[in-house]
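Q: Given next are the chains, with one letter for each unit.
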Amino acid sequence: MSAVDSMVEIYVFENMQLLEQLEVTLLDNEKQAALSKAQIDEIFRVMHTIKGSSAMMGYDGLAKLSHKIEDIFAVLRQREDIPKQAWALIFDLVLECIDFFKVEITKVQDGLLPDGSHEPLIARAIELDGFIANPPKEEEAPHVEPPAQIIMPDDPKPEKIAPAVQAPQKATQAQHYYMAQIHFEPGCSMESVRAFAVVNSLEGMYEKIAHEPEDLGVNCDEEIIANGLTLYIASNVYGEELEKKLGETMFLQRMELIECDISAMPPSISGELPSAVVQPKKEEPEQTQSAGIEEQYPPVIKQQEETAPAEQKREANRGSGGVQNFLSVNVGKVDKLMDLVGEIVTTESMVTKHPDIVELKLESFDKQSRRLRQLTDELQDIVMSIRMVPISSTFRKMQRLVRDMARKTGKEVELVLLGEQTEVDKNVIEHLSDPLMHMIRNSMDHGLETPQERLAAGKAPAGTITLEARNTGGDVLIIISDDGRGLDRDKLIKKAQEKGLTTKSEADISDREAYRFIMQPGFSTRDAVTEFSGRGVGMDVVCSNVERMGGSVSVDSELGCGTSFMLNIPLTLAIIDGMEVKVGQEHYIIPILNMRESFEPRLYDIIIEPDGTESILIRGKCIRIERLHRLFDVEGAKTDFYDGIMVLIESEFGSTCLFVDKIVGEQQAVVKPLPLYLTRNMGRLAYISGCTILGNGSISLILDANHFTGVKPV
Amino acid sequence: MPKVLIVDDAVFMRVSIKNILIKNGFEIAGEAENGLVGLQKYKELKPDIVTMDITMPEMNGLDALRAIREYDPTASVVMVTALGQEAMVREAVLSGAKGFVVKPYKENTIVEMLRKLIPFG
Chain A
6 MSAVDSMVEI YVFENMQLLE QLEVTLLDNE KQAALSKAQI DEIFRVMHTI KGSSAMMGYD
66 GLAKLSHKIE DIFAVLRQRE DIPKQAWALI FDLVLECIDF FKVEITKVQD GLLPDGSHEP
126 LIARAIELDG FIANPPKEEE APHVEPPAQI IMPDDPKPEK IAPAVQAPQK ATQAQHYYMA
186 QIHFEPGCSM ESVRAFAVVN SLEGMYEKIA HEPEDLGVNC DEEIIANGLT LYIASNVYGE
246 ELEKKLGETM FLQRMELIEC DISAMPPSIS GELPSAVVQP KKEEPEQTQS AGIEEQYPPV
306 IKQQEETAPA EQKREANRGS GGVQNFLSVN VGKVDKLMDL VGEIVTTESM VTKHPDIVEL
366 KLESFDKQSR RLRQLTDELQ DIVMSIRMVP ISSTFRKMQR LVRDMARKTG KEVELVLLGE
426 QTEVDKNVIE HLSDPLMHMI RNSMDHGLET PQERLAAGKA PAGTITLEAR NTGGDVLIII
486 SDDGRGLDRD KLIKKAQEKG LTTKSEADIS DREAYRFIMQ PGFSTRDAVT EFSGRGVGMD
546 VVCSNVERMG GSVSVDSELG CGTSFMLNIP LTLAIIDGME VKVGQEHYII PILNMRESFE
606 PRLYDIIIEP DGTESILIRG KCIRIERLHR LFDVEGAKTD FYDGIMVLIE SEFGSTCLFV
666 DKIVGEQQAV VKPLPLYLTR NMGRLAYISG CTILGNGSIS LILDANHFTG VKPV
Chain B
4 MPKVLIVDDA VFMRVSIKNI LIKNGFEIAG EAENGLVGLQ KYKELKPDIV TMDITMPEMN
64 GLDALRAIRE YDPTASVVMV TALGQEAMVR EAVLSGAKGF VVKPYKENTI VEMLRKLIPF
124 G
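Protein chains in written order, with this note's numbering: chain A, 6 to 719; chain B, 4 to 124.
If we strip away everything but chain A, and leave its shape as in the complex, we get (with noise of 0.2 Å):
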């Protein structure tokens, strides 16, 4: 049974790394409409292994489709002069094929059947098929064909032909005259090769041969299967020779061999002509009759000529071959292995940090601790270097996204990739595909504008999706930029003040505060009159998914020109350097990412306003300063700033200086996310991005640099 799920497993791992792989073949491609000779090849490769393994797991729809589409790729290697529309088409389907595939797979991964009907994209192959074949007003179609028509037993002729010519002669000798009926297994398959491989094994052993079907060059597997091979030989070898080898024949259900009189052979064999002897005669006639056949099986002749400039060129392209350097695992594993390490990552520091030796001067102690520490990190870069895959799976799919997006509203888009290598964690990866679908289905829904009004403002008529990744230290940045119609700062904020979002005045709201509206629950409703009436899918959704991972999003536009969104995720959930810092009696930690500098505050650099605000001079910058124990209400804390000490913070939003008691130390932190019922309530809790727990085995809060330093909790 075990045996039975890792086959399936790898089937469907297997396939689903050939399927993605060809969408982006072809995608890439899409826009010179054409495919080289190479990846005509990868796609018929592609489709023979989808074939193979779907016939051998039993899933005959798949199987079929997947053999029809191979047969396509079979014809298109042959053919130079494929008409552009044709293309289009074979896009189309191909692609459509690919969905289609996943869907089943996926099916079968989740151990159903996979039961989708295959029928309506046969069809279409079977329509395109006959395009290609006889693409409209190409009348030299079918004079291109004829030079592919080197039938494939050409080329052993010369050999063949040469015992021909010496039949005669030979003939006069030949003393016995055989006639052998051979009946394969049933279900063996291809009974017509086979029996082709019966009368070649049989070289040199005969004078002179003739069998029925007199045709083996072409399928004949019915007739074999009802009526077996008869063969007729004339030869100077002894029946047990000829028995003998007869019976070496592969998957041989039973076996007849008779010595007869020569009248019983056939004219060819009876006769004078030389001709007679099989394989060169049957080839004449037959180039005409079967051209379709050869057209659905390709000359092996012709096609070698083909794969060796193709495999020179591979051979340039080495990289490909160190595929096999990886190895693919499990991702339970990996995410248990993760879990283990953060484990051990805390027990170290519950060990090290011991309330019963701290106190102690240990020094091999300490130097064992050092070392394991320095182990422990190790392990949890490795193990962390594992989970991150770069992100270009993720961006990939956006391009499928925009092309069926851009056909369904025909509007002309570009969509230009860039940081596709960033790593991230496999986990933020796989909650960042929603969300990045959702952003670019608004940008070409409503913020690209058709062609006619892009000319109109004076546009090129094709729109620019820009789909950006970056590393920046702990995070990972992502923007999603079009140069579409832009927000309408006016319009989101009346809206706003329609659906009682905001009770600002106009002239109070910042331009960041108005774009942020759009991210609000509600905001997006379907009778919405802004552009940004929506399908049913909020940005509220999508702001909250990001902010889950402990990420931000931000919006950035200019009326008429564009929009740009800015998602901050971390580039992992697990574990982050911490600086542990105390207030009251409380322990928090602050990322080390975020951390710039501490230091001990004059009082004549402080700054408090009016209304309480406090802030403080840095280098003759003005930031602001807030006091931790007021804003999570800690008691007995130090209040004095001349007491605590100063924490300055930054993040790309900004910068704010935090009051702390005091710095307790660097801390690694497993980051454990709160549960959701806290962060759904959000308030002060946005301040915080997670909790830990500490070496003595209490919990501590992690605070969310970006919060404090710019975007302020909605």
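No wet-lab data here; the hints were simulated from the structure.
What you are looking at is a predicted structure, and each value in this text was computed from that prediction instead of being measured.
Even for Gly, the Cβ is constructed at its ideal location relative to N, Cα and C.
There's no promise every hint is true.
What the hints assert, rightly or not - Reference listing, derived: stretches of chain A covered by chain B, where coverage requires no fewer than 3 residues with Cβ under 8 Å from a Cβ of chain B:
hint	segment
1	44-55
2	58-69
3	72-86
To be verified - Listed next, the in silico DSSO-like pairs over lysine-lysine satisfying Cα-Cα at most 30 Å (straight line):
hint	chain 1	residue 1	chain 2	residue 2
4	B	Lys119	A	Lys249
5	A	Lys250	B	Lys119
6	B	Lys109	A	Lys250
7	B	Lys6	B	Lys21
8	A	Lys626	A	Lys643
9	B	Lys21	A	Lys107
10	B	Lys6	B	Lys109
11	B	Lys109	B	Lys49
12	B	Lys44	B	Lys26
13	A	Lys42	A	Lys107
14	B	Lys109	A	Lys69
15	B	Lys26	A	Lys338
16	A	Lys107	B	Lys109
17	B	Lys109	A	Lys112
18	B	Lys49	A	Lys250
19	A	Lys250	B	Lys46
20	A	Lys587	A	Lys626
21	B	Lys21	A	Lys112
22	B	Lys6	A	Lys249
23	A	Lys112	B	Lys26
24	A	Lys413	A	Lys89
25	B	Lys21	A	Lys338
26	A	Lys587	A	Lys677
27	A	Lys413	A	Lys464
28	A	Lys249	B	Lys49
Stated by the list, open to error - In silico negatives: residues of chain B with every beta carbon more than 12 Å from chain A:
hint	residue
29	Gly28
30	Glu47
31	Leu48
32	Tyr74
33	Asp75
34	Pro76
Take the given structure of chain A and dock chain B to it, following the hints.
A: Relative to the frame of chain A, chain B by itself:
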């Protein structure tokens, strides 16, 4: 135990053949993901039998078959093929393939064929 080299670009097919063969008392000498690697491994591992896919990147099964037969004219290579590749199979037969199975095959199909090629000890 007869040693088998499995040449196929699809992991699925390699694993599937491997499982069947191991279950039936064959030893897997090695696996190769294309014809070129297959040829190298043949020289290296000297297997008793090779199972060879036809459609593969780098070097297809036919070329690999020819190269292996050129290196060792007694080599036993069986082709693993699929419907639709009749022409290729004919070519393989002419190039010295000892037999072929057609996907999807049954377990005993491939086992019997290999056993026939090598008298089982």
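Q: Determine for every hint whether it applies to the structure shown.
A: Hint-by-hint comparison with the structure:
Residues of the segment 44-55 of chain A lying with their CB closer than 8 Å to a CB of chain B number 6, which satisfies the three-residue condition for coverage. Figure legend: the segment 58-69 of chain A, annotated as covered by chain B; annotation consistent (5 residues with Cβ-Cβ distances under 8 Å, at least 3 required). Coverage of a stretch by a chain is defined here by at least three residues with a beta carbon nearer than 8 Å to that chain's beta carbons; for the segment 72-86 of chain A and chain B the count is 4, and the condition holds. Between lysine 119(B) and lysine 249(A) the CA atoms are separated by roughly 13 Å; this keeps the pair inside 30 Å, and the hint holds.
For the hint pairing lysine 250(A) with lysine 119(B), the CA-to-CA distance comes to about 13 Å; that is within 30 Å, so the pair holds. Proximity of lysine 109(B) to lysine 250(A) is assessed by CA-CA distance (about 26 Å); at most 30 Å being required, the pair is judged to hold. With a CA separation close to 11 Å, the supplied pair lysine 6(B) and lysine 21(B) stays within the 30 Å bound. Restraint check: the Cα-Cα separation between lysine 626(A) and lysine 643(A) comes to about 25 Å, which is no more than 30 Å; the hinted pair holds.
Distance hint between lysine 21(B) and lysine 107(A) is fulfilled; the C-alpha atoms sit about 26 Å from each other, no more than 30 Å. Among the hinted pairs, lysine 6(B) with lysine 109(B) is consistent with the structure: their alpha-carbon atoms are about 21 Å apart, no more than 30 Å. Of the pairs offered as hints, the one joining lysine 109(B) and lysine 49(B) holds, with about 27 Å between alpha carbons and a cut-off of 30 Å not exceeded. With a C-alpha separation of about 23 Å, the suggested pair lysine 44(B) and lysine 26(B) falls inside the 30 Å cut-off, and the hint holds.
Taken as a hint, the lysine 42(A) and lysine 107(A) pair is honoured in the structure, with Cα atoms around 25 Å apart against an allowance of 30 Å. Simply put, lysine 109(B) and lysine 69(A) have alpha-carbon atoms about 18 Å apart, close enough for the 30 Å limit, and the pair holds. Among the hinted pairs, lysine 26(B) with lysine 338(A) is consistent with the structure: their alpha-carbon atoms are about 28 Å apart, no more than 30 Å. Distance check on the hinted pair: lysine 107(A) and lysine 109(B) sit about 26 Å apart at the alpha-carbon level, within 30 Å; holds.
Between lysine 109(B) and lysine 112(A), the direct Cα distance comes to roughly 24 Å. Compliance with the 30 Å bound is thereby established for this hinted pair. A distance of roughly 26 Å separates the Cα atoms of lysine 49(B) and lysine 250(A); the hinted pair therefore holds under the 30 Å criterion. Restraint check for lysine 250(A) and lysine 46(B): the C-alpha separation of about 29 Å stays at or below 30 Å, so the hint holds. Only pairs whose Cα atoms come within 30 Å are accepted, and lysine 587(A) paired with lysine 626(A) is accepted, the gap being roughly 26 Å.
Distance check on the hinted pair: lysine 21(B) and lysine 112(A) sit about 26 Å apart at the alpha-carbon level, within 30 Å; holds. At roughly 26 Å between alpha-carbon atoms, lysine 6(B) and lysine 249(A) fall within 30 Å of each other, so this suggested pair holds. Annotation: proposed proximity of lysine 112(A) to lysine 26(B) holds, straight-line Cα distance about 29 Å (limit 30 Å). Between lysine 413(A) and lysine 89(A), the direct Cα distance comes to roughly 21 Å. Compliance with the 30 Å bound is thereby established for this hinted pair.
Restraint check: the Cα-Cα separation between lysine 21(B) and lysine 338(A) comes to about 25 Å, which is no more than 30 Å; the hinted pair holds. Straight-line distance between C-alpha atoms of lysine 587(A) and lysine 677(A) comes to about 20 Å, which keeps the hinted pair within the 30 Å bound. Of the supplied pair hints, the one linking lysine 413(A) and lysine 464(A) holds, its CA atoms being roughly 21 Å apart against a limit of 30 Å. Of the pairs offered as hints, the one joining lysine 249(A) and lysine 49(B) holds, with about 28 Å between alpha carbons and a cut-off of 30 Å not exceeded.
With a cut of 12 Å on Cβ distances, glycine 28(B) stays outside the contact zone with chain A, its closest approach being about 16 Å. Its beta-carbon lying about 16 Å from the closest one in chain A, glutamate 47(B) satisfies the requirement of being farther than 12 Å from that chain. Annotated as non-interface, leucine 48(B) keeps its C-beta farther than 12 Å from every C-beta of chain A; the closest such distance is 17 Å. Every C-beta of chain A lies more than 12 Å from that of tyrosine 74(B), the closest at about 18 Å, which supports listing it as non-interface.
Remark: the non-interface label on aspartate 75(B) is consistent with the geometry, its nearest Cβ contact in chain A lying 19 Å away (cut-off 12 Å). Remark: the non-interface label on proline 76(B) is consistent with the geometry, its nearest Cβ contact in chain A lying 15 Å away (cut-off 12 Å).
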